[in-house]
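Engineer: Quick note: the sequence shown uses the working numbering, first residue 2, plus one each step.
Some hints here could point you the wrong way.
Unchecked claim - Straight line, CA to CA, 30 angstroms or less: simulated DSS-like cross-link-like pairs of lysine-lysine: (1) Lys9 - Lys178; (2) Lys178 - Lys138; (3) Lys9 - Lys125; (4) Lys125 - Lys138; (5) Lys9 - Lys138.
Unchecked claim - Taking CB as the label site, the calculated pair distances span: (6) Glu27 - Ile3: 35 to 43 angstroms; (7) Leu113 - Tyr164: 35 to 43 angstroms; (8) Pro133 - Glu167: 40 to 48 angstroms; (9) Tyr164 - Gln8: 31 to 39 angstroms; (10) Cys124 - Leu40: 36 to 44 angstroms; (11) Gly101 - Thr126: 18 to 26 angstroms; (12) Asp153 - Thr63: 13 to 21 angstroms; (13) Pro133 - Gln89: 35 to 43 angstroms; (14) Ile3 - Arg94: 34 to 42 angstroms.
These are computed hints drawn from the structure, not numbers from a lab.
Think of the CB as a built atom: it goes at the ideal place given N, C-alpha and C, for glycine as much as any other residue.
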Amino acid sequence: MIDQFVQKALDFGFSHAGPMDPRTLEVRTEVRQMCASNLCHAYGRSWSCPPAVGSLAEHRLTIERYSIGLIVQYTAELDDPYDFETMQAADRRQSRLLAGFRRVLWPHFPDLLALGNGPCSICKTCTYPDTPCRFPKLLIESMEAFGLVVSDVCTANGLGYYYGPETITYTGCYLLK
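With these hints in hand, go ahead and build the complete structure from the sequences.
Structural biologist: Right, here's the structure in full:
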C-alpha cells in the first residue's frame with residue numbers, strides 16, 4: 002500500500018521518496034542538545050522546536066504508535082556552493098510540498114504525523130511563546146526536535162542523503178498508521 006503513496010509523492014513534486022520503517026527512528030539526546038546551540042535561530046522561537054516540543058521520552062512513545070512511514074526529499078541544483086538563494090528557495094519548496102502532500106495523505110491516514118526540516122513554516126510569524134499555535138493540527142515539527150539524525154534516517158530506510166556536489170537536499174517524513 003505504501004508504494005502507491007511513494008509514487009504519489011514523486012508525482013506531487015518531491016525529488017525522492019521511499020517507505021520508512023518507524024522502528025528505524027533512533028531518538029538521540031545529542032541531536033536535541035544541538036538544538037539548544039541555536040544554530041538555526043529557531044530555538045525558543047517556534048512551537049515546532051525546543052523547548053516548546055515534548056520531551057524525547059514523549060517522542061519515543063509517539064513514534065512507537067506508528068507502524069509505517071514515508072520519507073520524502075526535495076533536491077535542488079546550486080549554481081555554486083554558496084548559492085544561498087537557491088538553498089532558501091529549496092527549503093521553502095520542501096516545506097510547501099510537505100504541507101501540501103499531507104492533504105493527500107490525510108484521508109487515508111487521519112492520525113499521521115508530519116516531520117520536516119527545521120521549524121514549522123505554516124505561519125509567516127510563529128506565535129510562540131506569547132499565544133497558542135494558530136494551527137496546531139497543521140504544525141510540522143522538526144525531525145531534529147524529535148532527536149533524529151536525518152542522514153541516519155535516510156540510510157536506515159534505503160534513501161540517499163547526498164546527491165552530489167552543488168546540490169542541496171531537504172528531507173521530511175510522515176509517520177502513518
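Engineer: Take the C-alpha atoms of Lys9 and Lys178, compute the straight-line distance between them, and say whether it is at most 30 angstroms.
Structural biologist: Holds, at about 18 angstroms.
Engineer: For the range 40 to 48 angstroms, tell me whether the beta carbons of Pro133 and Glu167 fit it or not.
Structural biologist: holds, 42 angstroms
Engineer: Indicate whether the distance between the beta carbons of Glu27 and Ile3 respects the range 35 to 43 angstroms.
Structural biologist: violated, 21 angstroms
Engineer: For the range 36 to 44 angstroms, tell me whether the beta carbons of Cys124 and Leu40 fit it or not.
Structural biologist: violated, 22 angstroms
Engineer: Within 35 to 43 angstroms or not, the Cβ separation of Pro133 and Gln89?
Structural biologist: violated, 28 angstroms
Engineer: Indicate whether the distance between the beta carbons of Asp153 and Thr63 respects the range 13 to 21 angstroms.
Structural biologist: holds, 18 angstroms
Engineer: Quick one: are Ile3 and Arg94 within 34 to 42 angstroms, going by C-beta?
Structural biologist: violated, 23 angstroms
Engineer: Does the Cβ pair Leu113, Tyr164 satisfy 35 to 43 angstroms?
Structural biologist: Violated, since Leu113 and Tyr164 (Cβ atoms, about 26 angstroms apart) do not stay within the stated range.
Engineer: What's the verdict on Lys9 and Lys138, does the C-alpha distance respect the 30 angstroms limit or exceed it?
Structural biologist: holds, 22 angstroms
Engineer: Using the Cβ atoms, figure out if Gly101 sits within 18 to 26 angstroms of Thr126.
Structural biologist: Distance hint for Gly101, Thr126 holds at roughly 21 angstroms.
Engineer: Given the hint that Lys125 pairs with Lys138, does the C-alpha gap stay at or below 30 angstroms?
Structural biologist: holds, 16 angstroms
Engineer: Is Lys9 within 30 angstroms of Lys125, Cα to Cα?
Structural biologist: holds, 28 angstroms
Checked against the numbered hints given earlier, the structure breaks hints 6, 7, 9, 10, 13, 14 and satisfies all the rest.
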